[in-house]
Every structure is written in structure tokens, then in C-alpha cells.
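J.: Fit the two chains together into the complex; they arrive one by one in their own frames, and the hints show the way.
Chains as they are written, first to last, in this note's numbering: chain A, 1 to 172; chain B, 173 to 431.
Hints may be right or wrong, so weigh each one.
Beyond 10 Å from chain A on every Cβ pair, some chain B residues (computed) [claimed, not checked]:
#, residue
1, ASP241
2, TYR264
3, ALA268
4, GLY276
5, GLN339
6, ASP367
7, LYS376
8, GLU398
9, LYS400
10, ALA403
11, GLN407
Pairs of lysine to aspartate or glutamate residues, derived as EDC-like cross-links and limited to a Cα-Cα distance of at most 16 Å, are as follows [stated by the list, open to error]:
#, chain 1, residue 1, chain 2, residue 2
12, A, LYS50, B, ASP241
13, B, LYS213, A, GLU166
14, B, LYS226, A, GLU166
15, A, LYS113, B, ASP329
16, A, LYS60, A, GLU141
17, A, LYS133, B, GLU216
18, B, LYS226, A, GLU106
19, B, LYS246, A, GLU111
20, A, LYS133, B, GLU245
21, B, LYS244, A, ASP10
22, A, LYS133, B, ASP223
23, B, LYS235, B, GLU315
24, A, LYS138, B, GLU189
25, B, LYS363, B, ASP329
26, B, LYS226, A, ASP10
27, A, LYS52, B, GLU245
Bear in mind the hints are in silico, worked out from the structure with no lab data behind them. In this text, all values refer to a predicted model and were calculated from it rather than measured experimentally. Note that the Cβ used here is the ideal one computed from N, Cα and C, for glycine as well.
Read off the chains here:
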Amino acid sequence: MLQVSNDDLDKLEPLFDRYQKPLYNFFLKLSGDADASEDLVQNLFIRIMKYKNTYRGDHKFRTWIYQMARNLFYDYYKKEVKVRDGFLKVETMGDQDLVREEDYSEIEEREEKLRNAMDQLSDDKKEVLIMSKFQGMKYEEIAKVTDTSVSNVKVKVHRAINNLREVYFQIA
Amino acid sequence: MECRECQDRVVAYLQKELGDLEEKQFKEHLKSCENCQEILKQTEELFSVVDQNKEIEPPATLKARFLDDLNKEKSRLNAPVSKQVFPGTIFYRVAASLALLVVGFSAGMFLNQKETNVSELADLKSEVQSMKQMVMMSMLRDESASERIQAVSYVEDFNQPSQEVIQTLFNTLNKDESPNVRLAAVRALEKFSYDESVRLMLIKSFEFQTDPVVQITLINLMVELEEKRAAMKLQQLIDDTETEKIVRDQAQIGIQILI
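Chain B extracted, bound-state conformation (with noise of 0.2 Å):
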């Protein structure tokens, strides 16, 4: 047998495919050659390390995430069938009348091009950008991580988001459940940091983070904004005996910066 059918072979041989006559050649080989000897070393010690991988419980959430689920999904089944009639969740929905009222407006806009006013297309403006949040608002409200995630991220299409979507945005950041979650919200509310208002409910926020991940993320946006009246709350950060002391060492030198 040659050396390369030999080293295809390893695999096989261990995993006890080969047939009679194969294996006997694969043997015959392998007692002269140390290339392959070496390759079926490691093999067997990579199926070894394989063999003692221990699978990872899932986190108990898991369990208590299905059994909501199950539930709702039996309340739904017990309902009387009227719901039912416009399949699809209201992303799609909401999308669909967007989607109309753009190829309305372009048609008309094609039909008498010379009397398009800029009123209107401002008008148009508002309206798409009042579509867009209330799309972002009822994804917010979605069960999965991921959804809310994305939900947050729209708020990057926000030129002036109104009063009650930065409201929204600073619930999520104080209130979901996921890190990610509130992660994500803190990247978008920062991006509208030039508002007074939002710094303040900023400052404010670290009175709701519990995760040293969301934590240390305020914590250096706080640095980078040079808020200085955010020290007081870094430093009940630092006197704090819950905080990890991660967290403790990057508020601790947050402090330094800001004072």
C-alpha cells in the first residue's frame, strides 16, 4: 500500500471500517513507515480528547423559556380560531403597508413630476420614519434575544427619534433580560448623547446593571463623554460589595479620567 492510501486510511482503520484484506495492507504498511505512525498517533489522541469532551448543561432558562412557550401555545390552541386570518407577525404586516405607501407615493411622484412639493415628501418622511418605530417597538416585545437585538439596532435609521422611542430604549436598557439585549442599547442611545436628557438617564442607569459586561461598557462611555457628574455612581460602583472586581478595577480608573 502507498504511503497516501495508507494516510487516508487512519481514520477508517480506527474507526474499524476496513475491510479484511485492507486492513492487513494498512498494517503491512504501517510497520515501516513513521510518517503514518505518527498520523495514527495523533489521531488516537485526538479521538481520545474527543471521547472525554463532556457535553454543557444548557442554562436552566432554557426549560422555563420552552415551558412558556408550551403554554401560550396551548392557550392559542384552546382560542377560538378568529385571530388567525392575516398570517405573519406585525413586522411583516407593518412592512407591507410601508412598502404600498412607497410605491403610491413614487407613482405619483411619476404620474405629475413637476408639481411635487417638498411639504409632501416631508410629509412622507415622517410618516415612514413613525412606520419605523413602531416596527422597532413591537419587535421589542418579541421573546427571542436575537429579535430585540435587531429591533434596537434599527434605531441606527433614527435621525431625531422621538421622546417616546429614546423612553423605550432606555426601558430596555434598564429592564430585559438579556445582556445582549441591553448591550445593544446602550451602543444605540449613545449615538444620541448630544441630548442632555439622555445623559442624565444615562448616569441614572447604572442604578439597574447587574452584568459587569453592560457595566464596564457605561462605565467607558461614560469616559468617553468626560461626564463628569458620573463619578458619584462609580464610585458607589467601587463601595459597592457585589460588584465584581473587574468592574471595580475599570470604574477606579474611570474615575481617575473624570476627575
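Bound-form chain A, shown alone (with noise of 0.2 Å):
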């Protein structure tokens, strides 16, 4: 990563193809909207070119990437929010409906429950949780991208958890 902070920009095309899913994945989940996940990643390698220079290597790339996807989600959220709420809820309730109507699998089913029970947690449960269990993220780097200690991040993941155990087997 230290070649990209050195103007290199051919060397960002191999970290997108590396990074977009599992960044696309971590706004959807946040978010919960597709369209705004896409624009996010974009936007996202968009600030990567503009403050490449700003990455001194003494983290991990991914941990770098991470704590600007948050700085990133948190301003969107406080700016969008107000013009978003409108158009959400015709977009989303237009591809489950289609969804529904055809084969309706006990995976999808499942899925859908989880999406559900993680839409009643608040964010900051959330991106530990999305962090830690789905992405697969060591407690000390999720210190690092949230800027906490250790064990603050381990007993939010494990409050999380059972907050999330809860709500879904309540929705069950």
C-alpha cells in the first residue's frame, strides 16, 4: 500500500478488487440500501485517491480503509438522511416483493430474518458486530478502526451478540 501513497495509482485497481466486496458488504449492512452502498465504495476509493498521502504505513491497510468507511458512513448518514428516508422504502419494498413472489428458499428466509434482527440494533452494535463475526476482524484491529481499547471492543461484540440472539429468535 505504501507504493499507492507514492502517486502510484496503478496499484489502487489490484486493493479495489480486493476490497470492494467485503466494504460493499459492510455498508449494506449498516445501511441497509444497496444504491447508498455502491455510492459509499466509490466515494470511498475516491477519498483513498485524494488522501493517499496521508497513510503512513504504521497501520494495516485494511485497518486504514476501515476507519475511513466509517468516517465516511457517519457523514453521509447525518447528510443524506433527511432526502434518503423518501426513497428507500419504494426502492427496497420493490425488489423484496418481486423476490417473494417466486421460489422462497428456507436460506433466503433465514437471511432475511438476520437482516431483520440486525435492523433493530443500533449502528454502533452494528459495525462491531459486522467487523467482528462477518468479516472476521481480531478484537485489537477493531480497537484500532473504532479507536477504543481491547476490551471495550470485546465486551461490545459479546453485548451485541446477545442483543442480536435476542431480537432473533424474538422475530422468530
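T.: Laid out in C-alpha cells, this is it:
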């Protein structure tokens, strides 16, 4: 990654290929909005191009990119939340209804239940849960991304899982 | 170990984060406590659901957008550095001049309150309006869809948009690549549907739409406006084999109400 910060933009493409999927899913799980998630990944990489000189190599690249992803997401929510509200529902409603009419397998049902349960959690619980359980990041790394202590992350993850379990089995 | 403590350790136990002694105490308690056994069972099930969760593939357009941005950045870096004197987007530049204008004007008002005349105020109003229009049009050229949606939503502040603004909105409605932005354009234009030419262009717009949500929104708008002239367009939607079923159904309902 240090190579990218030295203005060699070609090195950015393999990094995009590696991270676009986890980042897209990170935003998707946080926001529940596919279009917004696509925008957010695009904007994130624009930021990386702009700020690549500020990457100092003292953290792993993934840590740095997730720090930016988080900031971007919260900025975006502060700014967009009013405008988004009206359109979001129409869009997700249309898609899901189409799926429901066709074959609706057990896996899809379980996934939807998980999605609904995730939606009930607060953003800060969601984000540690996504990083820890869905994206397999270690407590140490999550602590660096969220700028807090390892023991704090551990407590948060445990609480988030317990919380998710309660909601998940309530939905049943 | 108390039941409460035990419940708190279920997650740690499954993630193998307990020390030897703690794990022993945990298992000891578990044997005799059905409640904790149930929580353990649920948590195990939840973990298996989470493990089986598959990440969704991002749409191919994302990579295309990235490559586009990358090329722009490359050509920007290769270009001579003359344009970067004034950083920030057009939006901020226009907003700054707008702020100056308002401050200057209020200062003027304050200094000679008695001489304020109505025509001056009207001039200022129209100037502010035309600046807003400028901001909106430049934002509509932005790459990000959310930025363009915001641009469209600015129209709500216009009482009497110029012909140019209306035309820009229709360009967005008929040509923008994102259905969400198109949808925002329908909402904005709906406000000016008292205008005959807006109505006619809305009817014509059916020819440019392929996204079902946009189509349905337009159909519903026609019904709301009791726009009988749209019936022919609805019929064309029904006859077109490419049209999604839900859209055809909605068009059918629309026709029945309109005729």
C-alpha cells in the first residue's frame, strides 16, 4: 500500500478488487440500502485517491481503509438522512416483493430474518458485529479502527451478539 | 458460578475466550441450568446462521465507476497545476458568493433602513433564485447519485422555476442512469404539474422509462392528475412484452380509473 501513497495509482486497482466486496457488504449491512452502498464504496475510493499521501503505513491498510469507511458512513448519514428517507422504502419494497412471489427458500428466509434482526440493533453495535463476526476481524484491529481499547471492543461484541440473539429469536 | 455470570459468558465460551478455570466453572453451572443451556443453544444456532451468511457480490457498475474515477484522477495529476487555486466544489464557491451577497445587502438595509424600496428587494430575490438554479444545475452533473438527488430536491425551494430548470429536470428524468434520481425528478416535477407543458412532457416521458418503480410512480401520478391523455401511453406499456408484470397490472388499473 505504501506504493499507492507514492502516487502510483495503478496499484490501486488490485486493492479495489480485493476490498470492494467486503466494503460493499459492510455498508450494505449498516445501511440496508444497495444504491447507497455502491455510492459509498465509490466515494471511499475517491477519498483514498485524494488522501493517499496521508497513509503512513503504521497500521495495516485494511485498518486505515475501515477507519475511512466508518467516517464516510457517519458523514453521509448526517448529511443525507433526510433526503434518503423518502426514496429508500420504495426501492427496497419493490425488490423484495419480486423475490417473495417466486421461490422463497429456507436460506432466504433465514437471511431475511437475520437482516431484520440486524436492523433492530444500534449502529455502534452493528458495526462491531459486522467487523467481528461477518468480516472476521480480530478485536485488536477493530479497536484500532474504532479508536477504543481491546477490552471495550470485546464487551461491545459480546453485548451485540446477545442483543442480536434476543431479537433474532423474538422475530421467529 | 451464578446464573447471571454464566449467561454473560456464553459468547466468550463459544469463542474460546475463557480461561481454564472459568471454563470449568461455566460447564459446571451449565449442567444444572436449563435456562443457560437454552441460551447456549440459541447462540450456537445464531453463530451457524452468521457463518452461513454469504457476502453479496457488488454490482459490476461499481468497478466501472471506480475505473472512471481512477482515469480522471490520473489525467488530473498529469495536467498542469493551474486550476487548483480555489479548492472546493462549485457548490461552495456559489454558496460563498451567495452569503456575501446576503451579508452585503442586509448591511445596506441596516445602514439606510428608510430608503429600502420594494424593487431592490425583488431584484435580490430573483438574483438568489437564479444562483440557486445555477447550484442545482452544476450539482446535477455530479457523479454520485446521492448528490444528484439532493440537487433535484433543491427545486422544492423554487416557486417559479425557469424554463431552463424544467428542461434540466426532464433531462434528468429521461436520461439519468440511476432510477432513484429519476424518481426524485418525478417528485419535483409533480409540483409544477399545473403547467400544461409540464404535463405534456410528463406524458411523453413514459417512452424513456424502463425501471418498474419509475414507471409505476408515473402511472400513479397520471391517475392522481386525472390525465386522460396518458391512457394511450399506459396501453402501450401493457402491449409491450418487455414491460414487467407488476407495471402492466398497475397500468391496467390506471386505465380503468382514467377512462
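J.: Look at each hint and say if it fits the structure.
T.: How the hints compare with the structure:
no. : hint                : verdict
1   : ASP241              : violated, 5 Å
2   : TYR264              : holds, 14 Å
3   : ALA268              : holds, 19 Å
4   : GLY276              : holds, 28 Å
5   : GLN339              : holds, 23 Å
6   : ASP367              : holds, 23 Å
7   : LYS376              : holds, 23 Å
8   : GLU398              : holds, 23 Å
9   : LYS400              : holds, 26 Å
10  : ALA403              : holds, 24 Å
11  : GLN407              : holds, 23 Å
12  : A/LYS50 x B/ASP241  : holds, 11 Å
13  : B/LYS213 x A/GLU166 : holds, 12 Å
14  : B/LYS226 x A/GLU166 : violated, 22 Å
15  : A/LYS113 x B/ASP329 : violated, 41 Å
16  : A/LYS60 x A/GLU141  : holds, 9 Å
17  : A/LYS133 x B/GLU216 : holds, 13 Å
18  : B/LYS226 x A/GLU106 : holds, 14 Å
19  : B/LYS246 x A/GLU111 : violated, 41 Å
20  : A/LYS133 x B/GLU245 : violated, 35 Å
21  : B/LYS244 x A/ASP10  : holds, 13 Å
22  : A/LYS133 x B/ASP223 : holds, 8 Å
23  : B/LYS235 x B/GLU315 : holds, 14 Å
24  : A/LYS138 x B/GLU189 : holds, 12 Å
25  : B/LYS363 x B/ASP329 : holds, 11 Å
26  : B/LYS226 x A/ASP10  : violated, 30 Å
27  : A/LYS52 x B/GLU245  : holds, 12 Å
Hints 1, 14, 15, 19, 20 and 26 from the earlier list are contradicted by this structure; the remaining hints agree with it.
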